[in-house]
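The residues making up each chain are set out below.
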Amino acid sequence: MNTVLVVRSLISGIMMGSVYALLGVGFSLTWGVMKVINISHATFGLLGAFIAYTLLHAWSLDPILSLALSAPLLFFLACLIYRFIIVPITKAKEVIVASMIVTFGIAIILENVMLLIWSPDPRLLTTSYTSKVLILGPLYFQYPRLAGFLMSLAGVLVIHFFLKKTYMGKAVRAAWQQPDAAQLYGVNLQRISMITFGLAISSAGAGGVAMAFLYAFEPHTHNLWLIYLFLVVIVGGVGNVLGTALAGLIIGVITGLSFAFLPYQWVNLLTFGLLMVILVFRPQGLFQSEV
Amino acid sequence: MVTPDSKSRRLVFWVLVLFIALAVFPWLGIPVYFVSLLFTVFLYVILATSWNIIGGFAGYLSFGHVAFFGIGAYTTAMMINGFDLSPLLTIVSSIPAGVVSALIAVIVGYPCLKLRGPYFAVITLCFAFVVDLGVKNLDILGGPEGLWLKSMDLPIDIIRAIFFEVMMLIMIFSIALGIWTSNSKFGAGLRAIKEDEEVAQTIAINAPKLKIEAFALSAFFPGMAGGVYAYYLTYIHTDIVFDMMISILIVLMALFGGGGTWLGPVIGAVVLTLINEGLSTFVRAEFARIVYGCLFIGVIIFMPNGIIEFFKRAKGVPPG
Amino acid sequence: MSRRCLKRSLFLIMCLSLGLTLVPYGVSNAADKPISIGGSLPLTGKFAETAKWIEKGMKFWAEEINAKSGLLGRKVVFKIYDDQSNAGKAVTFAEKAITVDKVDLLFGGYPGTAARAVMPVAEKHKFVYVSMGGHMKSFQQGYTYSFGGPPLMGEWWYEGFYQWLKSLPAYQRPKRAAVYTMNNPIGTSLMDSINRMSEDLGIELVINEKYNLPLPDATPFIVKAKQMNCDLLFSNGFFADGVMTIRAAKALNYNPKAIVQGVGSIIPAWVKELGEDGNYVFSGTVLHYKLAYPGNDKLNAYVKEKYNLPGYPLYFGFGYAWMQTLSQGVEGANSLNQTKIRDWLKSNTVQTIAGPLIFDEKGLPEPVNFCTQVIDGKVELTYPKKVRTTKPVYPKPAWK
Numbered sequence: 000m001n002t003v004l005v006v007r008s009l010i011s012g013i014m015m016g017s018v019y020a021l022l023g024v025g026f027s028l029t030w031g032v033m034k035v036i037n038i039s040h041a042t043f044g045l046l047g048a049f050i051a052y053t054l055l056h057a058w059s060l061d062p063i064l065s066l067a068l069s070a071p072l073l074f075f076l077a078c079l080i081y082r083f084i085i086v087p088i089t090k091a092k093e094v095i096v097a098s099m100i101v102t103f104g105i106a107i108i109l110e111n112v113m114l115l116i117w118s119p120d121p122r123l124l125t126t127s128y129t130s131k132v133l134i135l136g137p138l139y140f141q142y143p144r145l146a147g148f149l150m151s152l153a154g155v156l157v158i159h160f161f162l163k164k165t166y167m168g169k170a171v172r173a174a175w176q177q178p179d180a181a182q183l184y185g186v187n188l189q190r191i192s193m194i195t196f197g198l199a200i201s202s203a204g205a206g207g208v209a210m211a212f213l214y215a216f217e218p219h220t221h222n223l224w225l226i227y228l229f230l231v232v233i234v235g236g237v238g239n240v241l242g243t244a245l246a247g248l249i250i251g252v253i254t255g256l257s258f259a260f261l262p263y264q265w266v267n268l269l270t271f272g273l274l275m276v277i278l279v280f281r282p283q284g285l286f287q288s289e290v
Numbered sequence: 000m001v002t003p004d005s006k007s008r009r010l011v012f013w014v015l016v017l018f019i020a021l022a023v024f025p026w027l028g029i030p031v032y033f034v035s036l037l038f039t040v041f042l043y044v045i046l047a048t049s050w051n052i053i054g055g056f057a058g059y060l061s062f063g064h065v066a067f068f069g070i071g072a073y074t075t076a077m078m079i080n081g082f083d084l085s086p087l088l089t090i091v092s093s094i095p096a097g098v099v100s101a102l103i104a105v106i107v108g109y110p111c112l113k114l115r116g117p118y119f120a121v122i123t124l125c126f127a128f129v130v131d132l133g134v135k136n137l138d139i140l141g142g143p144e145g146l147w148l149k150s151m152d153l154p155i156d157i158i159r160a161i162f163f164e165v166m167m168l169i170m171i172f173s174i175a176l177g178i179w180t181s182n183s184k185f186g187a188g189l190r191a192i193k194e195d196e197e198v199a200q201t202i203a204i205n206a207p208k209l210k211i212e213a214f215a216l217s218a219f220f221p222g223m224a225g226g227v228y229a230y231y232l233t234y235i236h237t238d239i240v241f242d243m244m245i246s247i248l249i250v251l252m253a254l255f256g257g258g259g260t261w262l263g264p265v266i267g268a269v270v271l272t273l274i275n276e277g278l279s280t281f282v283r284a285e286f287a288r289i290v291y292g293c294l295f296i297g298v299i300i301f302m303p304n305g306i307i308e309f310f311k312r313a314k315g316v317p318p319g
Numbered sequence: 000m001s002r003r004c005l006k007r008s009l010f011l012i013m014c015l016s017l018g019l020t021l022v023p024y025g026v027s028n029a030a031d032k033p034i035s036i037g038g039s040l041p042l043t044g045k046f047a048e049t050a051k052w053i054e055k056g057m058k059f060w061a062e063e064i065n066a067k068s069g070l071l072g073r074k075v076v077f078k079i080y081d082d083q084s085n086a087g088k089a090v091t092f093a094e095k096a097i098t099v100d101k102v103d104l105l106f107g108g109y110p111g112t113a114a115r116a117v118m119p120v121a122e123k124h125k126f127v128y129v130s131m132g133g134h135m136k137s138f139q140q141g142y143t144y145s146f147g148g149p150p151l152m153g154e155w156w157y158e159g160f161y162q163w164l165k166s167l168p169a170y171q172r173p174k175r176a177a178v179y180t181m182n183n184p185i186g187t188s189l190m191d192s193i194n195r196m197s198e199d200l201g202i203e204l205v206i207n208e209k210y211n212l213p214l215p216d217a218t219p220f221i222v223k224a225k226q227m228n229c230d231l232l233f234s235n236g237f238f239a240d241g242v243m244t245i246r247a248a249k250a251l252n253y254n255p256k257a258i259v260q261g262v263g264s265i266i267p268a269w270v271k272e273l274g275e276d277g278n279y280v281f282s283g284t285v286l287h288y289k290l291a292y293p294g295n296d297k298l299n300a301y302v303k304e305k306y307n308l309p310g311y312p313l314y315f316g317f318g319y320a321w322m323q324t325l326s327q328g329v330e331g332a333n334s335l336n337q338t339k340i341r342d343w344l345k346s347n348t349v350q351t352i353a354g355p356l357i358f359d360e361k362g363l364p365e366p367v368n369f370c371t372q373v374i375d376g377k378v379e380l381t382y383p384k385k386v387r388t389t390k391p392v393y394p395k396p397a398w399k
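Chains as they are written, first to last, in numbering that gives the first Met the number 0: chain A, 0 to 290; chain B, 0 to 319; chain C, 0 to 399.
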């Protein structure tokens, strides 16, 4: 009886955490490669969710398929932002500081543009499989959660293999580990950074859709998402793709398990409290940072 | 190094004039709103300047500073309701609020300040949530209902004037602390920590002790300000005084003006608060927010190191 | 060269905008000038959705009264600030409206936390403040200028539902309730009627838990309710958490006799976004577009034409009703003197779209509450019988 409860909570936690991970991976990349803390990362995720919503209602396009449209769009948008907003601030003494302020501005603008276009009404991604469940013995899997989980799994693995296996990916890693040496070997830092930023924002779009499978969203929701992805990325080690994924799972599992055994009132508090404890004992994050 | 030459003496004179002018401001029969607006400006100056001690000088970006503000607010509210204190004693009763905040900062800072860079940022963020949720869940602290405070039995403009003066006094002290830090050995030590903590250790800087001192100092004034703010609002709720957006705003204000200098956060807080307020008269609220967002981008593209650095350079003072 | 120019102009712009914020604008109060009504609403940020509907309701009222002879023979204009969903800002803007814009009247704010912070300010400035209030506690602070006209009173919210349950034969009533409540002022005030009236009807609160927003996952709620055989589910939350709870109930095929939802199910997005799954959810209200009181038809026609909705959303009605109360106070007192308006409101009956309201010394009308249920994508009135628009569907049909 109790083992069933534990396994159920674990599954539910893993599905939830994996979605945070997909949202966080790109954030981790821009931070690692470019020293840019992108406060507007979750806002782009939200934009992805809104685009998916619109396409779903206009052409009944499946949210996952709509990524084929929104991901290139976000990539293009990201390149523009990189060229005209991020490049000028790389001259700053503290790029991290300047990037935070600039991207905070982007987040505000984007939030209010979404408010103008989509109005402040809360939205849901409702597809034909929204309330379907897969039941395996005592365990159950809700399809939208499963979809979010699989999307995240695929997204994180794609980014991981891109970095480890492809030439471009290796150049990206070289660029952030030893920028000077990489440049000597003919790596074009600017181009690499632009592509990284574009990829990161596109993955945020995918993460946003995955989040929207689980949660309702409105134009201001990105503030909430930002906090979760900040947690996931840092606990997982900045720049560490698999670490981010694992951190997402850990946060999900903590939440899931505390739901099973604690008064619900204390669940959120316990999650943040445990994260503090983890950080105190592992001051460099759970997993090696790759910066 | 500041030498007491005639130039700086003149500066001191003008600053004094400014403060005296500010002090008499609420008694001139000006609409109460302007008194309240300046009160808010002072509040953010205090928050940004105090944050700057740990965030700007020592480079430890605390993303949970709203916790100290809220702790101060709740301490005062509990005190005033528990001991039936007269609200006229605002300044006196906000000191314990600051002390409680500073004490909690020491306790929390001891383990947390071992963390560096982003890890410190996140642990402070978590801390703010833990405090927020803790207060929400504890019914003796008002829980989800929040707390009402007695308001003074005086006309509104007098009440507002009193809060104004108290907040200004706290602001002057917090700015003084900022100036002292930027010119003292203490500040030099913090700067060395920001530059390179390992190196700082080797040149006989007791980094752990210094950091805790800085963290406690940076929590003290927000605590006091929170106490005064609680009186001012007469109703406090965790969603109001532990609002995450305040934490983020404090950081941005300090960095926007220029972290690590005493003047930068003051400028950042004043400029951002006033512009935000001015924009609220726009016809469409969304457009106002978009303009506000553009401001962040515009300023940083032209002044990537903050406003203060930009003006220093424009005047030909070498940066640093 | 041009760069320096740019920098200078940027600096200039900054100085200008700084100056602009400090320019006090004088407003004189000549008799032919329009009556100005000021205050703030959270037009951006967390609470924007509801605030926009309140704003529309208020503006409709102004349109209507200006098309007639106006208020006291003068036109009315609104001065609405955006407080960015920040209660502290709501306080400053209320003061700005009163002391700088020198408005003649103050309008009511949203949400409850902001109203709680503005009520003492209105009291200090001696301005009549007609709003939703901040639930019962805010009306017990001894304020004399604040009115809930009508209030959004969590404490009364389920009264209609319980009265309807009482009208059922005892064997049909649910026996075991699972109650999940968000940990904030609305949530705790919703608990009031549940605590008061459950025992009376022999309903046992088998599960009674609070949760903090944001809710990460609602499946544990449903699993537990199912395990404990609860046949009545209270989900005392907003939209996001309410939706999650309903979806989890459907996914796990949990079929209690009735599902009751707090304040998420009364906003238009509920039926629009949830579709069929949002059906049969019970809730309460103090105001409804199908009430037979005069004025409701007019509002419905307007909303139908302008937003293509079957009836006006609750908060549209609130915005309109608060202005009705305020303006009747002004007309009754035949003056813009706040104390006279207050005294008139305290001693006379106000006719609103929520029915006649008589305010007591706390500024509250008699407890009113209706039981609502979402049926076929519409929020219908199901109790009391005299206002009923359709029969409640009970027990809830099983999930398809």
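What the hints contain is simulated information worked out from the structure, not anything from laboratory work.
Think of the CB as a built atom: it goes at the ideal place given N, C-alpha and C, for glycine as much as any other residue.
Please note: incorrect hints may appear among the correct ones.
Claimed, not checked - Using C-beta positions, here's what the derived DEER-type ranges look like:
| hint | chain 1 | residue 1 | chain 2 | residue 2 | range |
| --- | --- | --- | --- | --- | --- |
| 1 | B | Y109 | A | K90 | 34 to 42 Å |
| 2 | C | E203 | B | R283 | 47 to 55 Å |
| 3 | A | P87 | B | F24 | 36 to 44 Å |
| 4 | B | R312 | A | L115 | 33 to 41 Å |
| 5 | B | F286 | C | E304 | 23 to 31 Å |
| 6 | A | F280 | C | E203 | 42 to 50 Å |
| 7 | C | Y170 | A | V279 | 38 to 46 Å |
| 8 | A | V3 | C | E203 | 24 to 32 Å |
As the list claims (entries may be wrong) - Here are the simulated lysine to any residue pairs, SDA-like style, with alpha carbons at most 20 Å apart:
| hint | chain 1 | residue 1 | chain 2 | residue 2 |
| --- | --- | --- | --- | --- |
| 9 | B | K193 | A | Q283 |
| 10 | C | K78 | B | L216 |
| 11 | C | K101 | B | K193 |
| 12 | B | K113 | A | K92 |
| 13 | C | K45 | B | K193 |
| 14 | C | K225 | A | G272 |
| 15 | C | K32 | C | K55 |
| 16 | C | K339 | C | P366 |
| 17 | B | K149 | B | I161 |
| 18 | A | K34 | B | K193 |
Here is how each hint holds up against the structure:
Between Y109 (chain B) and K90 (chain A) the beta carbons are some 38 Å apart, a value that agrees with the proposed interval 34 to 42 Å. The given range of 47 to 55 Å is respected by E203 (chain C) and R283 (chain B), whose C-beta atoms sit roughly 52 Å from each other. For P87 (chain A) and F24 (chain B), the Cβ-Cβ distance of about 40 Å falls inside the hinted range of 36 to 44 Å, so the restraint holds. In this structure, R312 (chain B) and L115 (chain A) meet the distance hint of 33 to 41 Å, their C-beta atoms being roughly 38 Å apart.
Hint check: F286 (chain B) to E304 (chain C), Cβ distance near 27 Å, so the stated range 23 to 31 Å holds. Judged by the Cβ atoms, the range 42 to 50 Å given for F280 (chain A) and E203 (chain C) holds: they are separated by roughly 44 Å. For the pair Y170 (chain C) and V279 (chain A), the supplied restraint of 38 to 46 Å is violated, since their beta-carbon distance comes to about 57 Å. Checked against the hint of 24 to 32 Å, the pair V3 (chain A) and E203 (chain C) passes, with Cβ atoms roughly 26 Å apart.
Between K193 (chain B) and Q283 (chain A) the alpha-carbon distance is near 17 Å, which keeps this suggested pair within the 20 Å criterion. Taking the CA atoms of K78 (chain C) and L216 (chain B), the gap is about 42 Å. The hint is violated against a cut of 20 Å. At roughly 50 Å between alpha-carbon atoms, K101 (chain C) and K193 (chain B) are farther apart than 20 Å, so this suggested pair is violated. Distance check on the hinted pair: K113 (chain B) and K92 (chain A) sit about 25 Å apart at the alpha-carbon level, beyond 20 Å; violated.
This hinted pair does not check out: K45 (chain C) and K193 (chain B) have alpha carbons roughly 36 Å apart, beyond 20 Å. Proximity of K225 (chain C) to G272 (chain A) is assessed by CA-CA distance (about 30 Å); at most 20 Å being required, the pair is judged violated. About 23 Å separates the Cα atoms of K32 (chain C) and K55 (chain C), which puts this hinted pair outside 20 Å; it is violated. Between K339 (chain C) and P366 (chain C) the CA atoms are separated by roughly 25 Å; this puts the pair beyond 20 Å, and the hint is violated.
The hinted pair formed by K149 (chain B) and I161 (chain B) meets the criterion: a straight-line CA distance of about 15 Å does not exceed 20 Å. For the hint linking K34 (chain A) to K193 (chain B), the alpha-carbon distance of about 17 Å falls within 20 Å, and the restraint holds.
Checked against the numbered hints given earlier, this structure breaks hints 7, 10, 11, 12, 13, 14, 15 and 16; the rest are met.
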